[in-house]
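Engineer: Those protein sequences? They're chains Y and C, same order as listed.
End of the first sequence = 317 in UniProt numbering, gap-free, step of one.
End of the second sequence = 317 in UniProt numbering, gap-free, step of one.
Please note that a few of the clues may not be correct.
Below, computed lysine to any residue pairings styled on SDA-like, alpha-carbon distance capped at 20 Å [claimed, not checked]:
#, chain 1, residue 1, chain 2, residue 2
1, Y, 72, C, 30
2, Y, 286, Y, 5
3, C, 199, Y, 286
4, C, 199, Y, 4
5, Y, 199, C, 177
6, Y, 286, C, 236
7, Y, 6, C, 196
8, C, 199, Y, 236
9, Y, 71, C, 165
10, C, 72, C, 5
11, C, 199, Y, 23
12, Y, 199, C, 27
13, C, 199, Y, 276
14, Y, 199, C, 277
15, Y, 6, C, 116
16, Y, 199, C, 74
17, C, 286, C, 4
18, C, 199, Y, 278
19, Y, 23, Y, 196
20, Y, 199, C, 286
21, C, 199, Y, 297
22, Y, 71, C, 99
Label-pair restraints from in silico Cβ distances [what the hints assert, rightly or not]:
#, chain 1, residue 1, chain 2, residue 2, range
23, C, 160, Y, 313, 45 to 55 Å
24, Y, 7, C, 68, 33 to 43 Å
25, Y, 207, C, 71, 26 to 36 Å
26, C, 54, Y, 28, 51 to 61 Å
27, Y, 29, C, 26, 48 to 58 Å
28, Y, 296, C, 54, 35 to 45 Å
29, Y, 301, C, 203, 28 to 38 Å
30, C, 117, Y, 207, 32 to 42 Å
31, Y, 204, C, 317, 17 to 27 Å
32, C, 316, Y, 207, 46 to 56 Å
33, C, 317, Y, 160, 11 to 21 Å
34, C, 301, Y, 24, 35 to 45 Å
A few chain C residues that face chain Y, going by a derived Cβ cut-off under 10 Å, partial list only [unchecked claim]:
#, residue
35, 101
36, 181
37, 220
Keep in mind the hints are simulated off the structure, nothing from the lab.
For each residue, glycine too, the CB sits at the ideal point set by N, CA and C.
Take a look at the letters that make up each chain.
2 protein chains.
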Amino acid sequence: MTSFPKQVEFHEEGPREGFQMEKATYPLADRLELIDALAATGLKQVQCASFVSPRAVPQMADSPELFARLKKRPGTRYTALWLNDNGFERARACEQVDLDGKIVFYVTEPFSQRNNNCSVAENRERQLRWIDCYIALGIPLEQAYVVTSFGCNLGGPVPVSAITDIVRWLADVCADRRIPFPAFYLADTMGWANPEEIKRRVGAVREIVPQARIGLHLHDTRGLGGANVYAALQMGVELFDSSVAGLGGCPFAEHKTGSAAGNVCTEDMAFMCEELGISTGIDLEKLVEASRLAERIIGRPLNGHLMHSGTLAAMRG
Amino acid sequence: MTSFPKQVEFHEEGPREGFQMEKATYPLADRLELIDALAATGLKQVQCASFVSPRAVPQMADSPELFARLKKRPGTRYTALWLNDNGFERARACEQVDLDGKIVFYVTEPFSQRNNNCSVAENRERQLRWIDCYIALGIPLEQAYVVTSFGCNLGGPVPVSAITDIVRWLADVCADRRIPFPAFYLADTMGWANPEEIKRRVGAVREIVPQARIGLHLHDTRGLGGANVYAALQMGVELFDSSVAGLGGCPFAEHKTGSAAGNVCTEDMAFMCEELGISTGIDLEKLVEASRLAERIIGRPLNGHLMHSGTLAAMRG
């Protein structure tokens, strides 16, 4: 009935997603301490910062300095987010950024227009140019995301075919260029997913590219984050984006946009995996400590659960 | 692969569990308003208050007055909690309490000693006396709970056999007395459950009493509440205790006892059911309004998700 993966990899987004969402800016030293605490848990990838307009996102204005001051631990990749050529060039200029070739697809016109100022089809062509850019620079194409894969507040329900169309198109593109098909991420950007839709959509992708790694980027907007991860595990999904302490959620009053709830919580989901016998490579006790550090830095109670209750290790004796 | 129930029944515990956990006491009028708002959503059972020592739990000292002032809606049962003869007599003295015959089993000695001041075996004999008391009074035996069904902070892991022993014993007791076997509830009192253990233990109970209704009383102590409910739904479980807005959780600093996290959140779990096509009989929009009322009464942000993001109905157009 279940076909759990043997091991699961969590890509930590807290340091970028968490602090970017906050109104305040936080001292570089605090953010560096959190990043190091996260890397020390065994997390294989930590997204540390974004290279976006400092005017629009002042919290991330010091990303170059942050990367310059990182003391990197072996076994962890320290990644960054960029959204356009300018951001990419700024990220490339930082020696310590681990560049992960990433492309992002849209499936509804209004959200593509709002975020990209272009149509879904035009954005797809732009991703083609990113692919060729990565190839030219020798950067492997690692991740393809489909945002609002389960539904969109602006564009409504998203048919499965909107996703499978992209999968087929991208499979052709990769075959043409003789590059491997990247890990394919379904992003539940606005919290529309439910466990059965997770299974349906993961299954539909896998039918077309059975060998591809599939990932999920889930937000806990409507309280189904954990159930969605469990459903994905039942489908053998082995890649999850997540945030320590559930970082990324806005303070409560601002939740009503429906698009700003935090990612699923890294330590809660890693705890679930370990309880299910699925290896994460993460030291859970250290991760709980890191989540408590995040709470001390942010200065208000965060949404994680395990951080407030502790693991079961001590109680099992 | 899945065998969802056609419909699911949530037993609301927020008005009792939520306010009992808070340090403050709240005006009777506010609690009555919340209870009425909950009943108006279509919830079939709302646990309104407890009849326990007013010295130990001053928040519930006015339970008789609360029940006296209830304006009951047809279709909803207004229940109460009691823990001993004295509490039961006080509950019986309130005309408007819908008495539900309930028994509670323990599976670890230290927790039974702490809560009952007697052994697990002695507590089982006490439950036998409750059963006979209910029979004598013509009150149907409706619910049998096993607390710390998945593990106990004081007593450690709980073997499946500790539960199945109780099931077999109770089946004999009911057969002897020619009364129906009650709904059998596994309570994850301290947040040890994970989805696979839900399936294993529900399956073990069902093997012995295939016709019995099975219920779950889950706390979201470690962030697995939603995944645990989903796993239970996959097993066809149709009865859940829950709290509006996740009420019952202590303010954060006190979570570290590991036993005081809130119940799973009624509206988040009802939303999941409805998204999965499982009928709940609940008007979700009204329930979201009730959860926001609870937040206004308590006066701080509560743990529910849907209450802050809203349902998808409006966005689906």
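Engineer: So, against the hints stated earlier in the document, which numbers end up violated here?
Structural biologist: Violated hints (numbers, rising): 1, 2, 3, 5, 6, 9, 10, 11, 12, 15, 16, 17, 19, 20, 21, 22, 23, 24, 25, 27, 30, 32, 34, 35 and 36; every other hint is consistent with the structure.
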